[in-house]
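Chemist: If you want the building blocks of each chain, they are given just below.
Number of protein chains: 2
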Amino acid sequence: MSQGKRDPVKEFEEIKEYHSRSSGIFFEFDRCLCCEQSTYQKIEVINNPHFGRVLFLDGLVQTTEKDEFFYHEMLAHPALVTHPDPQKVLIIGGGDGGVLKEVLRYPIKKAQLVEIDSHVLKVSKKYFPWLRGCLKDSRAEVVIADGKVFLKNSNQTFDVILVDSSEPVGPSVSLHEAAFYKAIKSRLAVHGVACTQLGSPFYHSEAISKVKFFLTKLFKTASLYTAPVPTYPGGYWCFSFLSDGLDPLAIKRNPPPGLKYFSQDIHRAAFALPNFLKEKLKES
Amino acid sequence: MSQGKRDPVKEFEEIKEYHSRSSGIFFEFDRCLCCEQSTYQKIEVINNPHFGRVLFLDGLVQTTEKDEFFYHEMLAHPALVTHPDPQKVLIIGGGDGGVLKEVLRYPIKKAQLVEIDSHVLKVSKKYFPWLRGCLKDSRAEVVIADGKVFLKNSNQTFDVILVDSSEPVGPSVSLHEAAFYKAIKSRLAVHGVACTQLGSPFYHSEAISKVKFFLTKLFKTASLYTAPVPTYPGGYWCFSFLSDGLDPLAIKRNPPPGLKYFSQDIHRAAFALPNFLKEKLKES
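Residue numbers (our numbering), protein chains in the order written: chain A, -9 to 274; chain B, -9 to 274.
Some hints here could point you the wrong way.
Which copy? The list can't say, so a pair holds if one copy fits it or any two copies do.
[Said to hold, decoys possible] Dumping the calculated PhoX-like pairs for lysine-lysine here, alpha-carbon to alpha-carbon at most 20 Å: (1) 78 x 202; (2) 56 x 268; (3) 250 x 268; (4) 270 x 250; (5) 272 x 115; (6) 272 x 250; (7) 250 x 172; (8) 270 x 32; (9) 200 x 210; (10) 116 x 200; (11) 172 x 6; (12) 78 x 112; (13) 272 x 175; (14) 56 x 32; (15) 200 x 115; (16) 175 x 200; (17) 172 x 56.
FYI, nobody ran anything at the bench for these hints, they're computed from the structure.
Chain A with its partners taken away, still in its complex shape (with noise of 0.2 Å):
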C-alpha cells in the first residue's frame, strides 16, 4: 500500500511539477538522461525507480512508462471505436509516439504525426522505445510542423484527428483556440471526428469551460469525456469528442485486444460527468 515514509536507501534527486502555486508531484531520479534547451521548449527525461522514464517539456509531465497508457488510450480510442471506417488519421502533437502506438493498432491505412519540435521525436525515439517501434511502420510518417499551419496548408481530409497538445503555455498556446479547432473541423471528412486534451477537470475546471462554450458552437456534438491519469494535475483528465455526424456513444467495433484501460464499458462510463464540471460548463 502507499508508502507514507520513505526508505532511505540511497541519496536521490528530486524533480517537481507544481499543480498549484503550493502544491504538486514529485519524482526521485537516479539518472537524468536528457536535459536540453530545442527552439520550442525545455526537454527532459529522467529515470524513477517506480515510473521508469519520464518525459517533461517545460518542467511539466507528458508521459512515463508506467502510467502512458491512460492518457494515450483515452485520447486514441474513443475516436476510433466510433468511427464507422477510420482510414486516414491525423495526430497534433505527440511527438513521444504514444497516441501514435495507439493508433496503429488498427487496421487503418495511413496515420499522420505533426509535430512541431524535431527534438521531442528525437528524445523520445531514443528513450521511449514504443516510437521507435512506430516509426518502423509504414502507414506512420512524422511531420515536422506547427499543426495549424499544417492544417492551413494541407487540402486532404482526415477521418480522425487526435490533438496531443501540451498545455497552453509554450509552443501549444495556439492549439487551445477556437481558430485552430475551426481548422480542425475543416479538415475532417464526412462522418470524421477529432478528440482533444482539454486538461484536468479538477484544475483547469474554468479553461475547459471556456473552450466548450466555443466547440458547441463549432461542431453538432462536442461531448467531454473523463479519465484517470496518475502522474497529471489531479490524476484526472478531460478529453473533447468533436463530430458533425458521430454519436459518441454509438460503438461500431471492439477496441484492439492488449490494451490496459480502455474497453467499451470504460468508453460509455468516461461520458458521465461529475456534477462539479456540469455546473461549471453551465456558467459559460
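Starting from the structure of chain A, add chain B where the hints point.
Modeler: Showing chain B alone in chain A's frame:
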C-alpha cells in the same frame, strides 16, 4: 492551467506523502495547525493555500477541504441510493466526519460513527467545520471504539455499513482482513449493503485483488467501483459494494441535491473497471 513553476512570493514549509518509494505528492503550507501523537497515530493538520486544511494520519493524506467531496460522496452515496429504505447507518472509521456529513443528507433514522481514536475526532471538530455541523444533528451518534470489537459486541443490524478506514498499517490493519468483513456481514440487515475503501487501483491492485478474492466468497454481490480522488495515491481510488441481496446498478432513488461529484450517471459509470484491474482480479 497547471503551474510548472512556482511563484516564489513567500517561504513555505513543505510536507510530502510518498506514494511509491520514489514519488508522491507535496503540499506547501503557511501554517501547521496541529501536530500531535495520539495513542494510535500521528495526527497533523496543515493549511495549504490551494487545498485549505489537510488532515494527515501517520503521514498519509486523509482529507482536504478542497477535494474531500470526491471520496466522501463516493463512499456514502452508492450504498444509500441502492438500498430500498436506509434507516440505520453505521460508519466505521471516518473520524473526520466527511462520510457522516454525506449520510445525514438522507432522511435516515440514525447514523452511528465508530472511531477508534478520540483525538482524530477532537482535531477534526476543531479544523473541519462540517463535523461540528454533523454532531449537532440528533440522528448522529459517535462511539469511541475499535470497529472490529464494536461489531463483535453489537446485537444491532444496520441497513448500510460504510468503512472509512485508513491504510492497512497502524490502527486500520484489522479493517482489511477477512474476519472483519465476516463481522460486517453478520451485522447487515436483510437487503443491507456495505461499502468500503480498498485503495488505489494504480498502486494497490495486488492488495485489492487479494481482498476481492475473499469478498467474492463472502457476499453474493462483491462489486468494485472507482472514482477520482486528486490527493490520494494515483488520484484514483477503488471501493467495494457488498451485499447479499442488492444489485449495485439498480438505483432506488435520486441522490440528494447539492452533490459535487456523485450522480446517477456517475454511479453507473463507476462500476466500469479498467482492463488492468480486471486482469489482476483474475489472477487471484
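Chemist: Each hint needs a verdict: does it hold in this structure or not?
Modeler: Hint by hint, here is what the structure shows:
Proximity of residue 78 to residue 202 under the C-alpha cut-off of 20 Å is found in neither arrangement, the shortest distances being 26 Å within a copy and 43 Å between copies. Taking the shortest Cα distances, residue 56 and residue 268 sit within 20 Å of each other only across copies (18 Å), while inside one copy they are farther apart (31 Å). Only between protomers do residue 250 and residue 268 lie at most 20 Å apart by alpha-carbon distance; the minimum there is 9 Å, versus 28 Å within a single protomer. Taking the shortest alpha-carbon separations for residue 270 and residue 250, only the inter-copy value of 11 Å comes in at or below 20 Å, while the best intra-copy value is 31 Å.
When the C-alpha separation of residue 272 and residue 115 is checked against a cutoff of 20 Å, the pair qualifies neither within a copy, at 43 Å, nor between copies, at 35 Å. Taking identical chains as interchangeable, the C-alpha atoms of residue 272 and residue 250 lie at most 20 Å apart only when they sit on different chains, with a minimum of 14 Å there against 34 Å within one chain. With identical chains, the CA atoms of residue 250 and residue 172 are never at most 20 Å apart, being 33 Å at best within one copy and 33 Å at best between copies. For a Cα distance limit of 20 Å, the shortest separation of residue 270 from residue 32 qualifies neither inside one copy, at 33 Å, nor across copies, at 38 Å.
For the identical chains of this complex, residue 200 and residue 210 are intra-copy neighbours only, at 17 Å inside a copy versus 46 Å across copies, given an alpha-carbon limit of 20 Å. In this assembly of identical chains, the alpha carbons of residue 116 and residue 200 never lie at most 20 Å apart, being 37 Å within a copy and 38 Å across copies at closest. When the C-alpha separation of residue 172 and residue 6 is checked against a cutoff of 20 Å, the pair qualifies neither within a copy, at 36 Å, nor between copies, at 43 Å. Taking the closest pair of Cα atoms, residue 78 and residue 112 never come within 20 Å of each other, the shortest separation being 24 Å inside a single copy and 62 Å across copies.
Taking the shortest Cα distances, residue 272 and residue 175 never come within 20 Å of each other, neither inside one copy (24 Å) nor across copies (43 Å). With identical chains, the CA atoms of residue 56 and residue 32 are never at most 20 Å apart, being 22 Å at best within one copy and 32 Å at best between copies. Proximity of residue 200 to residue 115 under the C-alpha cut-off of 20 Å is found in neither arrangement, the shortest distances being 35 Å within a copy and 38 Å between copies. Taking the shortest Cα distances, residue 175 and residue 200 sit within 20 Å of each other inside one copy (18 Å), while across copies they are farther apart (48 Å).
Taking CA atoms no more than 20 Å apart as the test, residue 172 paired with residue 56 passes in neither setting, with 35 Å inside one copy and 36 Å between copies.
The structure is inconsistent with the numbered hints 1, 5, 7, 8, 10, 11, 12, 13, 14, 15 and 17, although it conforms to all the rest.
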